[in-house]
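Chemist: Using the hints, position chain A against chain R.
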Amino acid sequence: MADISEAEKLFVKHSCSLGVRNDGRNTTDFRSIAVETDIFPHCNGSSRVSIGNSIDVVCGVKVVVTELSGKSDDMYINVTVELPPSASNNRLDEKRQQEVSSYISDSIKSAILQSCNQILPGQLDIIPGKFCWTIHADIQVLETDSACPIDPCSWAAYAALRCTTIPGTEVFSGETGVAEDFDVTGDAADASAFDPGSRLPICITITKIQAGCLLLDPSLEEEACAECTVTIAVCGDGVCCGIKKLGGAGSLSVAEITTCLQNAQLAAQSMFPQLDNICAVTKEEDAMHPDRPPVRVGLLA
Amino acid sequence: SLVVPGQPITSEQGYLRGHGTYFQDIESGSQLVASMAGQIERVNKLISVKPVSSRYLGEIGDLIVGRITAVESKRWKCDINGQKDAVLQLASVNLPGGVQRMRTYEDQLQMRSLYMEHDLISAEVQNVNADGTPSLHTRSLKYGKLENGQLLIVPSSLIKRLAQHYISFPFGIDVILGRNGYIWITRRMPDEWKEQEEDHDEAAPLAETLQRLRVRHATTPMLKNDLHKIARVRNSIDVLSRVGALIYPESILHVYRKSEELGIAIKDMLKPAGILKLTEDLIVQE
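First to last, the protein sequences are chains R and A. Following my numbering, the numbering of the first sequence begins with -1 at its first residue and continues without gaps. Following my numbering, the numbering of the second sequence begins with 2 at its first residue and continues without gaps.
Hints are supplied without guarantee of correctness; some may be wrong.
[Claimed, not checked] Result set (DSS-like, lysine-lysine): computed pairs, CA atoms no more than 27 Å apart in a straight line:
#, chain 1, residue 1, chain 2, residue 2
1, A, Lys272, R, Lys281
2, A, Lys272, A, Lys225
3, A, Lys146, R, Lys7
4, A, Lys146, A, Lys75
5, A, Lys225, R, Lys7
6, A, Lys78, R, Lys7
7, A, Lys146, A, Lys195
8, A, Lys146, R, Lys11
9, A, Lys75, A, Lys85
10, R, Lys243, R, Lys11
11, A, Lys85, R, Lys93
12, R, Lys7, A, Lys143
13, A, Lys259, A, Lys225
14, R, Lys11, A, Lys272
15, A, Lys78, R, Lys93
16, A, Lys161, A, Lys78
17, R, Lys107, R, Lys60
18, A, Lys259, A, Lys161
19, A, Lys225, R, Lys11
20, R, Lys7, A, Lys85
21, R, Lys7, A, Lys268
22, A, Lys268, R, Lys11
[Claimed, not checked] Pulled a few chain R residues facing chain A out of the computed Cβ check, cut under 8 Å:
#, residue
23, Ser3
24, His12
25, Ser13
26, Val18
27, Asn20
28, Asp27
If you're looking for bench data, these hints aren't it; they were derived computationally from the structure. All C-beta atoms, glycine included, are put in the ideal place defined by N, C-alpha and C.
Next comes chain R alone, as it looks inside the complex (with noise of 0.2 Å):
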């Protein structure tokens, strides 16, 4: 959290009161979001976005073999942030950047098993109960003027899953015509797209300045005024699958707990569109050039 004079945070308050923010957005409104995939093309799935001038998240998606060994779920997807202190202003120490890194994977990696546990051994499982696919999406924070960026974090993990393919694979039965092993065919053509449906979710956080004034995408000094912040993860089909309040003395009443739901499905509805669409824009551009490299803006920008 950033550290901002009173007369600062007066001034942020009184001006939310009158519905003006400091750059003229309106309380449900963004900064302006640039959201890229297929940036490393060692990974199976990645993405990149970055919000405004001062937030900027990269995501690398590895599926990796492995065996069953009658555990649960937790096997399909793994989630790890790394939030460096060299990405943010703010002096945080050493334990609260683990603190906040860790309370960002363990919330997007609940949100999506939350909604998707149906799902996910169809897609994943390559010999069911014992061996299938895990999913490591490894977050990278490359800069941040939030203190807890879990929006960013979770629509690159979202992006990076929509685009991540899964190798191909064939099944070899044993004598009794059980499935036992199987080869991972190395053909891009037999690898498939992962496709979770409108079950992946995506994470918007409601920032409570005062009563009242209940904030999309905070800016450095709303986040220093902030009572308190709360997470809602929206599923494509707009079900709300998960909401987690992470700091902040304040308190919210039973209206503006409905307030934000409604504020985080309407905000995601307007997002998952054109997520989705970032994925097949860029699949069809690759493809009408076959010849060249994948034109990327990437990390050079």
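Modeler: Frame of chain R; chain A shown alone:
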């Protein structure tokens, strides 16, 4: 003119080597070569290379906006977006009411009543110590705590030394361009207030009057109209910093007026399309 490291600047003799350059021996003698990427600065016989972007280095006489990070025994530490925190001595600030006296122990104990941690102040660089730590002072009635406004941070290389760093725009917004890249945006104090103060007590010392005006400015909430203008100015400056243009009153005014002419909503100024439209015909002074 821009140079890159390793680029020869001149082979003529007689030049002095400034920062960012070094002599390299060649067959016909020695040549001056750049060791930094940046612009060549020439003062008579002294040639130096000013890097394109670096942390703010305090120069004496610079007006800066800083954030207090620590309150120590007889001084404050202040973050000015530089390599080191600047130092603001208790002896270098104005006491409330404009009183001129030696600082006592009581003053030392009451430092927080002047400036607390995280407060924003405007000050001037008085001195740069041998280790590079700038010393600040607020020994003028126009410097001091900044309240009821907005801070914007831009790269410090975009703000050159100007005649005036306290800018008053015609549409009622005041901007302080700190040379360290911290910019303070607030509404202008209405002229009626100054007249009212003068009517109120003609004999009062200027320091007291300004103190009262300052308190009035800090405690009077802004109108929605003012907030919109502040947001538009903030976005105009942000647009300039995004394209790497120098920030000075005329360029800010250019972007502001253009955004009004084209009818771009304040929040749309920072979208890529908005930035393009606003900076298409921007002519930046050298």
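Chemist: Run every hint past the structure and note whether it holds.
Modeler: The hints, checked one at a time:
With a C-alpha separation of about 25 Å, the suggested pairing of A:Lys272 with R:Lys281 holds against the 27 Å cut-off. With a C-alpha separation of about 23 Å, the suggested pairing of A:Lys272 with A:Lys225 holds against the 27 Å cut-off. Distance restraint check for A:Lys146 and R:Lys7: the Cα-Cα separation of roughly 14 Å lies within the 27 Å cut-off, and the hinted pair is therefore satisfied. For the hint linking A:Lys146 to A:Lys75, the alpha-carbon distance of about 18 Å falls within 27 Å, and the restraint holds.
With a C-alpha separation of about 17 Å, the suggested pair A:Lys225 and R:Lys7 falls inside the 27 Å cut-off, and the hint holds. For the hint linking A:Lys78 to R:Lys7, the alpha-carbon distance of about 21 Å falls within 27 Å, and the restraint holds. A hinted pair counts as satisfied when its Cα atoms are at most 27 Å apart, and A:Lys146 with A:Lys195 qualifies at roughly 19 Å. A C-alpha spacing of about 19 Å is found between A:Lys146 and R:Lys11, which places the hinted pair at or below 27 Å, so the restraint holds.
Taking the CA atoms of A:Lys75 and A:Lys85, the gap is near 18 Å; set against the 27 Å cutoff, the hint holds. Distance check on the hinted pair: R:Lys243 and R:Lys11 sit about 21 Å apart at the alpha-carbon level, within 27 Å; holds. Restraint check for A:Lys85 and R:Lys93: satisfied, since their Cα atoms lie roughly 25 Å apart, inside the 27 Å limit. With a C-alpha separation of about 23 Å, the suggested pair R:Lys7 and A:Lys143 falls inside the 27 Å cut-off, and the hint holds.
Between A:Lys259 and A:Lys225 the CA atoms are separated by roughly 21 Å; this keeps the pair inside 27 Å, and the hint holds. Annotation: proposed proximity of R:Lys11 to A:Lys272 holds, straight-line Cα distance about 25 Å (limit 27 Å). Of the supplied pair hints, the one linking A:Lys78 and R:Lys93 holds, its CA atoms being roughly 26 Å apart against a limit of 27 Å. Restraint check: the Cα-Cα separation between A:Lys161 and A:Lys78 comes to about 24 Å, which is no more than 27 Å; the hinted pair holds.
Restraint check: the Cα-Cα separation between R:Lys107 and R:Lys60 comes to about 15 Å, which is no more than 27 Å; the hinted pair holds. About 23 Å separates the Cα atoms of A:Lys259 and A:Lys161, which keeps this hinted pair within 27 Å; it holds. Proposed proximity of A:Lys225 and R:Lys11 is supported: the alpha carbons are some 13 Å apart, at most 27 Å. Of the pairs offered as hints, the one joining R:Lys7 and A:Lys85 holds, with about 26 Å between alpha carbons and a cut-off of 27 Å not exceeded.
A distance of roughly 21 Å separates the Cα atoms of R:Lys7 and A:Lys268; the hinted pair therefore holds under the 27 Å criterion. Between A:Lys268 and R:Lys11 the alpha-carbon distance is near 19 Å, which keeps this suggested pair within the 27 Å criterion. A least Cβ separation of about 5 Å between R:Ser3 and chain A falls short of the 8 Å threshold, and the interface hint therefore holds. Checking R:His12 against chain A: minimum C-beta separation of about 5 Å stays under 8 Å; hint holds.
For R:Ser13, the interface hint holds, since its Cβ comes within 8 Å of a Cβ in chain A; the closest pair sits about 5 Å apart. Because the smallest distance between the Cβ of R:Val18 and any Cβ of chain A comes to about 4 Å, under 8 Å, the interface hint for this residue holds. Restraint check, R:Asn20 versus chain A: the minimum CB separation of about 6 Å is within 8 Å; hint holds. At a threshold of 8 Å, the smallest CB-CB gap from R:Asp27 to chain A is about 6 Å, leaving the interface hint in force.
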